[in-house]
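Student: Listed below are the residues making up each chain.
Protein chains: 2
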Amino acid sequence: MNQLLNNIRIVLVGTLYSGNVGSVCRAMANMGISDLVLAAPRICDNWEEAARLAVHADAILANHRRVDTLAEAIADCSWAVGTTARGGLYRQHVKTPREVAPELLKLAAQGRVALVFGREDKGLTNEEIGICTHLIRIPVHPDYASLNLSQAVLLCCYELYSALGTYEPPVEKSSPATAAQKGKLLEKWREMLLTIGFMKEDKSDHMMQGVQRIFSRGTFSEDDVAIMMGVARQADWASKHGNEER
Amino acid sequence: MNQLLNNIRIVLVGTLYSGNVGSVCRAMANMGISDLVLAAPRICDNWEEAARLAVHADAILANHRRVDTLAEAIADCSWAVGTTARGGLYRQHVKTPREVAPELLKLAAQGRVALVFGREDKGLTNEEIGICTHLIRIPVHPDYASLNLSQAVLLCCYELYSALGTYEPPVEKSSPATAAQKGKLLEKWREMLLTIGFMKEDKSDHMMQGVQRIFSRGTFSEDDVAIMMGVARQADWASKHGNEER
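In order, the protein sequences belong to chains A and B. Quick note on this note's numbering: the first sequence kicks off at 42 and runs consecutively. Quick note on this note's numbering: the second sequence kicks off at 42 and runs consecutively.
Keep in mind the hints are simulated off the structure, nothing from the lab. Accuracy of the hints is not assured; some may be wrong.
Pairs count within a copy or across copies, as identical chains cannot be separated in the list.
Claimed, not checked - In silico DSBU-like pairs for lysine-lysine, Cα to Cα no more than 35 Å straight-line:
#: 1; residue 1: Lys-281; residue 2: Lys-136
#: 2; residue 1: Lys-147; residue 2: Lys-214
#: 3; residue 1: Lys-281; residue 2: Lys-147
#: 4; residue 1: Lys-163; residue 2: Lys-281
#: 5; residue 1: Lys-136; residue 2: Lys-244
#: 6; residue 1: Lys-214; residue 2: Lys-163
The model shown is predicted, which means the values in this text are computed figures rather than measured ones.
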C-alpha cells in the first residue's frame, strides 16, 4: 500500500504563496504521500509561513525538490495528471479525481505518477496541460469554482488514499513510457508531419496538441513508443526518398 | 439541489485561528454551503487573516453567527454530525463522510443538519460528542492523522456536494469513434505503413495488432480518427510524390 503511494508525486507549478506549500505538505502527510516537487516556484512572501503550516509534515517540506519546468518535474514519471478548473479546447476529456483514482493506483504499481497543480492565479498553461497524460477537474459549486491550492491537493490525495481500499494490481509486459520518452516521440512526429506536409509550421503547435492528446490516452508503453517512433522515421525517410527506392 | 445544501450548517467549536475561519468560508463556498456558526470561538490572532483567506467567500464570513455553546449552535437543527480524529469510548460508531453523505442529504430534505468541527488543539469534548446524532471520522494516514480544520471541513462538504449526484462531468464535443471508423483508420494505416516501407506484408498482421492496441487505449474520438487518417493519407502521398512537390 505505501509502495503505491511512494510512486505518487505532487508537482506544484509556479506557486506564489509559501503558506500553500506548507499546507500542501500537511495534506500530503495526512494521506500518506511524500514526494513533492516545485516547478518554477514564484514564492512572493516570507518562506517561514511554509514551516508554520506544514506543522508535523516538516520532513516533506525539507525534502522537496525544485526544478525550472514542469517537463523536468515529470521527466521520470510515466503519467502526469493535470488539474484544471476550466473547460475549453483540449480540456474536454476531464474526469473527476474519484473516477480516475483506482486507475491511477494501478498505474502507480508500474511507474511514477505525478499530480500536477497550477498557479494560484492562473492554473496551468495549455502547453503544460499538453504534456499531461490525464486531466482532472474537482467537482465544485459553479458559483465559486476556485479552490485554494492546498485544498485541491488534499482532495486529490484523499481520493487516492481512499481508493487504496479497492486496489487490484495490474500487469503489462512492456514498461510504461516515461514523459521524456514521449517527449522525444512528439519531437520526431512534429518533424515528420512537417516533412510530409501534413501541417504547416504556423499551425503545428495546435495540431501537435491533438497528436499529444492521442498519445496520452490510456497507458502508452515503451513498445508503443518504439512503434510510433519507427513510423515517424520511416514516413520521414519515404517522403524524402520515395517508397520505391528502398 | 441548493435547497438541500441550504439546510447544511457548519459549526466550528472553540476555533483558535481566524485564518482557519476564512479558509473554511472558502471551502464552504466551493461546495455550495453557506451557513456558518462559531460556537465559543477563542480567536487568538488578527481577525484580518479571515478575510484574506475567505477571498470571494466574504459573504459567508460576513453572515456568520456567534453563539456561546454547541447546544445553542445546533438548537434549530434536527441532526448534528460530530467529527473526530480519535477512537475510544463513545466514538466507536463512527462512519466515513462518504458513507453518511447520502443519508445526510436525505435528512437535509426534511430538516437542518449541522456538521460540527472541534478545536484545532483538542477537538470536541465527550459532552459535545454526546449531543451529536452522528459521528464521522475522515480516513487519513495513521502516521499523521491530524487534518487542518479547514481541510476537514472541505472534505466533509465535498462528500456532501459529490453525493448530490447533480454534478455532471463535461462532455467531449467530438463523439467517440465507432468500431467501423476505427476499422477504416486501421485499413488506411496498414496501406500507408506498407507504402512507406515501415513493414513488410508478411509481418503486417503482427505489427497492425500493435497499432490497433495504441488506437484502442482509452477513448478515441471522431476528431482523433480524422487526425490520424489525415496523417496516413499524407504520409502515403508524400512517399509517392516526395515532400517538396506539393
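Student: Would you mind marking each hint as holding or not holding in the structure?
Tutor: Here is what the structure says about each hint:
1. In this homomeric assembly, Lys-281 and Lys-136 never come within 35 Å of each other (Cα to Cα): the closest approach is 42 Å inside a single copy and 42 Å across copies.
2. In the homo-oligomer, the alpha carbons of Lys-147 and Lys-214 lie at most 35 Å apart both inside one protomer (14 Å) and across protomers (28 Å), since each shortest distance falls under that limit.
3. Proximity of Lys-281 to Lys-147 under the C-alpha cut-off of 35 Å is found in neither arrangement, the shortest distances being 43 Å within a copy and 44 Å between copies.
4. Taking identical chains as interchangeable, the C-alpha atoms of Lys-163 and Lys-281 are never at most 35 Å apart, the minima being 43 Å within one chain and 47 Å between chains.
5. Taking CA atoms no more than 35 Å apart as the test, Lys-136 paired with Lys-244 passes inside one copy only; the shortest distance there is 28 Å, against 38 Å between copies.
6. Taking the closest pair of Cα atoms, Lys-214 and Lys-163 come within 35 Å of each other only across two copies (24 Å); inside a single copy the shortest separation is 39 Å, beyond that limit.
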